Amino acid sequence: MTQIIAYDSSAAVTNAFGPETYQLRLVANSACNYRIGDGAQTATTADPFLPANVVEYIIVSPGQRISAIKATGGLVTATAGTLWVTEMS
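First residue of the sequence shown? That's 1 in this note's numbering, and the numbers climb one at a time after it.
It is possible that part of the hints are untrue.
To be verified - Pair by pair, the computed Cβ-Cβ distance ranges are:
# : residue 1 : residue 2 : range
1 : Glu20     : Thr72     : 34 to 44 Å
2 : Gly74     : Glu20     : 33 to 43 Å
3 : Gly39     : Ala6      : 14 to 24 Å
4 : Thr86     : Ser10     : 20 to 30 Å
5 : Thr72     : Val27     : 16 to 26 Å
Bear in mind the hints are in silico, worked out from the structure with no lab data behind them. Given the structure is predicted, the values throughout are model-derived calculations rather than measurements. Note that CB positions come from ideal geometry on N, CA and C, so glycine has one too.
Model the full assembly from the supplied sequences, consistent with the hints where possible.
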């Protein structure tokens, strides 16, 4: 299953991951920061950075959620974008 998050300067959140989801594949079309955890999540620019068009695999627990926000600060000034979150297994 793939969830699509449209993000900007305010954080966007997905639905909870499925009961069999232990790994995600992430890719975004602009630089973003993301946060994963139990319950509602609100990403900030202090959270892990995902560069544009880079595929990243991460380990999660079933039922967790992910939030994303466009990256800002330092050498990065990102635009609003889309994060594709694919539940692997």
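*Could you check the hint for me, namely that Thr86 and Ser10 are 20 to 30 Å apart, CB to CB?*
Once the Cβ atoms are compared, 23 Å apart, the range 20 to 30 Å for Ser10 and Thr86 holds.
*Determine whether the Cβ-Cβ distance between Glu20 and Thr72 falls within the hinted range of 34 to 44 Å.*
Given a distance of about 35 Å, which is inside 34 to 44 Å, the answer is holds.
*Confirm or reject the claim that Gly74 and Glu20 have a C-beta distance inside 33 to 43 Å.*
Holds, at about 37 Å.
*Given the hint of 14 to 24 Å, check if Gly39 and Ala6 actually sit that far apart at their C-beta atoms.*
holds, 21 Å
*Does 16 to 26 Å hold as the CB distance between Thr72 and Val27, or does it fail?*
holds, 20 Å
Violated hints are absent here; each numbered hint is respected by the structure.
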